Structures are given as structure tokens and as C-alpha cells.
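Chemist: Residues in the first sequence are numbered from 38 upward in steps of one, following our numbering.
Hints in this document: simulated from the structure, not taken from any laboratory. This structure is a prediction, so every number in the text was calculated from the model and none was measured. Fair warning: there could be bad hints in the mix.
Under the rule of at most 27 angstroms between Cα atoms (straight-line distance), these lysine-lysine pairs were calculated in the DSSO-like manner [what the hints assert, rightly or not]:
| no. | residue 1 | residue 2 |
| --- | --- | --- |
| 1 | Lys362 | Lys401 |
| 2 | Lys556 | Lys209 |
| 3 | Lys175 | Lys92 |
| 4 | Lys46 | Lys582 |
| 5 | Lys401 | Lys213 |
| 6 | Lys288 | Lys403 |
| 7 | Lys209 | Lys92 |
| 8 | Lys163 | Lys403 |
| 9 | Lys299 | Lys362 |
| 10 | Lys589 | Lys554 |
| 11 | Lys459 | Lys160 |
| 12 | Lys213 | Lys326 |
| 13 | Lys554 | Lys53 |
| 14 | Lys213 | Lys163 |
| 15 | Lys49 | Lys589 |
| 16 | Lys556 | Lys53 |
| 17 | Lys459 | Lys208 |
| 18 | Lys326 | Lys418 |
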Amino acid sequence: MRLSQSFYKTLKEIPKDARIPSHQLMFRSGMIQQLSSGIYNYLPLALRSIRKIEKIIREELDSRGCEEVLMPAVQPASLWQESGRWDLYGDLLLRFKDRKGNDYCMGPTHEEVITDMVRRNLKSWKQLPWNLYQIQGKFRDEFRPRFGLMRGREFIMKDAYSFDVDVESAKKSYWKMHEAYTAIFSRCGVRFRAVDAATGEIGGDMSQEFQVLASSGEDLILSCDSCNYAANIEKAVTTSTGGTPDETAFKALETVDTPGQKTIEEVSSFLGAEASGFLKSLVYESDSKPVLVLIAGDRDVNESKLQAALGSGVLRMASNTLVEKTMGTSPGYVGPVGVSSEVFVVADLSVTRGINWISGANEKDKHIRNVNLRRDFNPDKVIDIAFAAAGDSCPKCSGGKLEEHRGIEVGQVFYLGNKYSKMMDCSFLDEEGESQPAEMGCYGIGVGRTMAAAIEQNHDENGIIWPVPIAPWEVVVLPLQLNDEAVVEAAETIYESFRMAGIDTMIDDRNERAGFKFKDADLIGYPVQVVLGGRSVAAGNAEVKFRESGEKSEMPLDDVVVVVRDWILERRQGGAE
RNA sequence: CGGGCUGUAGCGCAGGGGGAGCGCGCCUCGUUCGGGACGAGGAGGCCGUCAGUUCAAAUCUGACCAGCCCGACCA
38 MRLSQSFYKT LKEIPKDARI PSHQLMFRSG MIQQLSSGIY NYLPLALRSI
88 RKIEKIIREE LDSRGCEEVL MPAVQPASLW QESGRWDLYG DLLLRFKDRK
138 GNDYCMGPTH EEVITDMVRR NLKSWKQLPW NLYQIQGKFR DEFRPRFGLM
188 RGREFIMKDA YSFDVDVESA KKSYWKMHEA YTAIFSRCGV RFRAVDAATG
238 EIGGDMSQEF QVLASSGEDL ILSCDSCNYA ANIEKAVTTS TGGTPDETAF
288 KALETVDTPG QKTIEEVSSF LGAEASGFLK SLVYESDSKP VLVLIAGDRD
338 VNESKLQAAL GSGVLRMASN TLVEKTMGTS PGYVGPVGVS SEVFVVADLS
388 VTRGINWISG ANEKDKHIRN VNLRRDFNPD KVIDIAFAAA GDSCPKCSGG
438 KLEEHRGIEV GQVFYLGNKY SKMMDCSFLD EEGESQPAEM GCYGIGVGRT
488 MAAAIEQNHD ENGIIWPVPI APWEVVVLPL QLNDEAVVEA AETIYESFRM
538 AGIDTMIDDR NERAGFKFKD ADLIGYPVQV VLGGRSVAAG NAEVKFRESG
588 EKSEMPLDDV VVVVRDWILE RRQGGAE
């Protein structure tokens, strides 16, 4: 392609709405432009990269026996009513009516449609397993779109769904997709980790996210410094830290006045005690029933763990009114001692680690010292409901400590079970002639987000540094003096040779000054720049610059194509560390 | 959905009751030509929309719309 004819425009200044590097660079390099909040045009540069990511996905999935389909972006409400999600999905679902007044939505995901599609065709166990995927635009009316393609409302997603005869083979399908994802992201040239993930409303306990490591990531992940354990903080397990507390060291309960001191911070400084010695007592409302939650003062409640532990549908912090009604005091003075047996009490494992806690006294302006498990309160459940944190012991190996990283979730694999197949009657006859619901899995990859994450991870102050496998163009040829015939001829010859060699090549044939072209080339991030300047060409040479290392080398014009081609071919298959 | 901010040329911004401006970008000419050149000339805006106040509104008031930030939420 000739840059002089290309539909693109670079900007020197950073648009004010772009906050993170990938967004700024995609904007500045002319890859994307915003049409509306969270909705973008993909210009040629961006689309080329996206197509490459899609090609990698297709190759890895097709070679593992998956088949591509394409489902509609617009979906009838009836299917969503059947699965029960028409009411559950909330405002994230963009709904509208057609001319006849029937309800529709823009598909935010395709479990319903695929389940419907499969059930029309599935008769016998002999047909399975199936694994169907598509690459589709999805729409989710995000509360807060941000960071460009990182969290848009309309976005390109690869979603796949597996259908198996039983749990065992469904898990095989799951791990096969896990393997495919590992191959895909390696080939895209990003540094990533597969981490245990929370399963949200769908339930089940088998799900992993593929997280690209980047400081701007929205997700917090924890990984062990000595084994392969890694999990999203939403999911990361904490373990009990102590043995049996020494009951002989229990001291007598003592009520203290703490006028106006409500938060752990306030009370701890008022009493001169560490936050870790406090028993934080929170009242939640789980499916309209109050639950008292106890946790060490230096820990935070992980609501997704709590929700899973309680098996609740809707979980939220109780209103002040409900707290008063349940505990007889306002938030700030709530504690576990003397709680009505009507109230369900859940304690985090951290509560077992210490003795002589300080907690609220269930009386305004008063706290109690020396509160002890079993002697003074008996939780109905003691279970891991805390957020894990950096420095915690690894739940999987002995001696390992957890480290914290930020990540961008680019993919998730999910074992679904038979929730949808049961709800929507997607079943087959097994070997005994019995009707069985299919065991399902679903698997997503954010295609645009993967591209953004790659930029987030691979850039410097001058611009993007594309990994070769997903670079829009692999090489740019830069003739520096268009009025120098030898330069132009050398550039055109090399450009043609690259094209013949199957290298994706751009030639910057614009009549611009050298510095201008260099800046643009660095910004757009071509992995290789072949620079043809008057002096070098006169000496029979070209200069080759590698974007990532910044390394430049002068070489004979005749060698350029072979050297650069070999360098590119070595890297096309990706394989980040 | 709560709290906050912003809408003036393609981008970044200044102005703040009576002439619509600056930088970058764009067009023409000349000089320049290896890290976003310089000079001269030029094109480009219903100052987000609608209403109100006023002799007069980009400017004041109100409503609405849009975008952004913080929070809550999230496959």
C-alpha cells in the first residue's frame, strides 16, 4: 500500500478524551475514531490488525475441530424470556421494538441463540461433541464505556460454545479451548496469564480468564511466586492462617465508650489499636434476608465469594433502616455478640486466626474488647469470603506468597453445565434412549480488546511497537528524497520485492520531510523501517531500523529484502514468553 | 444510577453583553530537505440545541442533548 493513497491521518496532539496509552495511540495513529460513546469506527490500520487476530483465532480453532457460524446481532426477546435473562440482564441489554411492536435486543452474547440453533438440530448422542464459534459485533450498553476499545459498548468478540454428552467430555472440551486460547494469545505476541476466574450469575466453579499483563488493566490478579497458581482477585482463595486459638488466653469482655467513632479507622486510632485486631461486622441483605458478615478489620469482603457462599440471587449492603431493625443499632456499632438467632451469621476464615477482638457492641457509641469466637459468638458458617491480597500465602503450594498484577481480560473460558440446555430444552437421546440435556461450555475472546491490550503492552514514548503477528503492516519503506531518482527507484524496487515475497509492506511515498516520515513510522509502529536516503543509496546501501530494539543497520540494497523477510518470517508465528 | 466537569474551526485551547480568536492541521507560492522546517498569502465556525432576559447574547438565565471524569455495577 502507498501511504500517499491511504485513508488515514495521524495527529500530533493527544485528544483530551483518551486517557490510556492504547487509546491515545490508536487515536493518534488514525486507527479508530469515536462515533458515539463507546462506539467506534475502525479505520484501515485497525482493521488490518483485527483481521490478523481473527485469522489466528480461526486457525487455532479450526485445527481443533471447531466450526465457524454467524449468528444475528439482533435477537428476539422470546429467546431471552425462555432463558429467563430478559428480566435478569438489566440495562446492559439494549432493547427495542420492530414495526409490529415485537421486542428485540442487540445481542450482548449468544448463549440463547446458539442453544436454540443447536436444539433444532441435535437428536442423538452420536452427533456430539460440537464446538461452534463466531466472530461477531456485540452490543452491551455499558454503564460507563471508557478507554477506547478497552471497554466499548459495541465491540468485536469471538464467542464459542461447546456441546457435549456428559460432564467428563464437556471438561475435555473446556481444556481443549484452554489450550487453543493459550496458543492464540501466544501467537498474538502478548504476555498473558490464565487465571482462575469468578463465575458470576452463571454459577459453577470452572472458569479461567486470559489476562494480558499491563499496568493500566482494570482487573487485579494475584499469582504465586513459587507455583503456577494465579487468580482474579474476585476469585483468589485465602486460607486460614492459624491453628487453634489458645482459649486460655481469652480475656474477659469489656465494654468501652467510643462516642462518635464509627469506622475501623476512627475506632482504631481512638483506642490505639491495630485495624487487624478488629472484627469488622457488616450487614448484608441476601434475597431480602439480613446476614451478618464478620471479617478481620484489615480485610475486605469479596462480595462475589459471599454471594456464592450464601447462594443468594441478589446481594447488597443492607440499608441503615434494615441494620437498625436487625441489630438494634446503626452501622458503626454493629458486632457479633448477642445477635438474635434469627440472623444468619457468616464469618470469614480470618476470624479464626485471632483472639480478643474488638468489635461493635450493638449499642450506640460503644465497642467491646476481647470478643472471642465460640465463647462470645457462633457463626452459622465460617468460610473464605475475603479478598486475597498481595503477601498472602498461596492456597495451592506451601511457602509461596501471592503477588499482585494488573491485567486486561482478553478471553474467558467457562464451563456452563446444563443450565441453558435444560432451561431451553436442548437435549439428545443417549445410548440408553434417555433424553439428556447437553453439557455446555462457552468461550469468549475480545478481539478489539486484544488489539488494544497488545498496544498497551507494547509501546514507548514515540508510539506503538507492534508484535509482528498482528502488525497492520510488517514493513514500511521510507524514501527520504522524492526528488532523488536513485532513491525513488531503489525504494520502488524494494517495495515491489517485499510484496512479491509476501511481506505486508507500506511505502511512505508522501512528499514530506524525513523527520515527518520517521515520526509517523514510529507512531504507527511498523516492526521494520527500511530507510532509503540519498547518501546511503548512492553508496548502494539501505538502512534497516527495527522498531522494538531501535537497532539500525546499514546493508547493501540487494540484501535488504532477504534479511528483513527472514526476520519477519521468524516472528510471524508469535510465541511471546 | 449518584457526584463532578466540559461543549467556540478537523485536533488542542483562549475569550466572556456590541468587532469570533490563537497553536497545530489543511490549500497556494517560494525557500528548505535524515527526526513532526521557514516565510508570504488563503480556506474553514448558526460559539451543542431550544427557549428566555436585553436595543443587542458565543458571553447572562433555564431546560434539554451530547461527551468526559470519580464512584457503584459488570460476561
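Chemist: Below or equal to 27 angstroms on CA atoms is what counts here, so check Lys49 against Lys589.
Modeler: holds, 25 angstroms
Chemist: With a cut-off of 27 angstroms on the C-alpha distance, tell me whether Lys326 and Lys418 pass.
Modeler: Holds, at roughly 16 angstroms.
Chemist: Given the hint that Lys556 pairs with Lys53, does the C-alpha gap stay at or below 27 angstroms?
Modeler: Holds, because 21 angstroms separates the two Cα atoms, which is no more than 27 angstroms.
Chemist: Would you mind confirming whether the straight-line C-alpha gap from Lys459 to Lys160 stays at or under 27 angstroms?
Modeler: Roughly 15 angstroms between the alpha carbons, so the hint for Lys459 and Lys160 holds.
Chemist: Compare the distance between the alpha carbons of Lys401 and Lys213 with 27 angstroms, and conclude whether the hinted pair is satisfied.
Modeler: Not OK: Lys401 and Lys213 at ~57 angstroms, beyond 27 angstroms, violated.
Chemist: Can the restraint linking Lys362 and Lys401 be considered satisfied, given a maximum Cα separation of 27 angstroms?
Modeler: holds, 14 angstroms
Chemist: When you check the alpha-carbon spacing of Lys163 and Lys403, does it fall within 27 angstroms?
Modeler: violated, 68 angstroms
Chemist: Does the structure keep Lys46 and Lys582 at a Cα separation of 27 angstroms or less?
Modeler: Roughly 23 angstroms separates the two Cα atoms, so the pair holds.
Chemist: Does the structure keep Lys213 and Lys326 at a Cα separation of 27 angstroms or less?
Modeler: violated, 42 angstroms
Chemist: Can you confirm whether the C-alpha distance between Lys209 and Lys92 stays at or below 27 angstroms?
Modeler: holds, 24 angstroms
Chemist: Keeping to a limit of 27 angstroms between CA atoms, is the pair of Lys459 and Lys208 held or broken?
Modeler: Holds, at roughly 18 angstroms.
Chemist: What's the verdict on Lys288 and Lys403, does the C-alpha distance respect the 27 angstroms limit or exceed it?
Modeler: With Cα atoms ~18 angstroms apart, Lys288 and Lys403 stay inside 27 angstroms; holds.
In this structure, the hints that do not hold are numbers 2, 5, 8, 12, in rising order.
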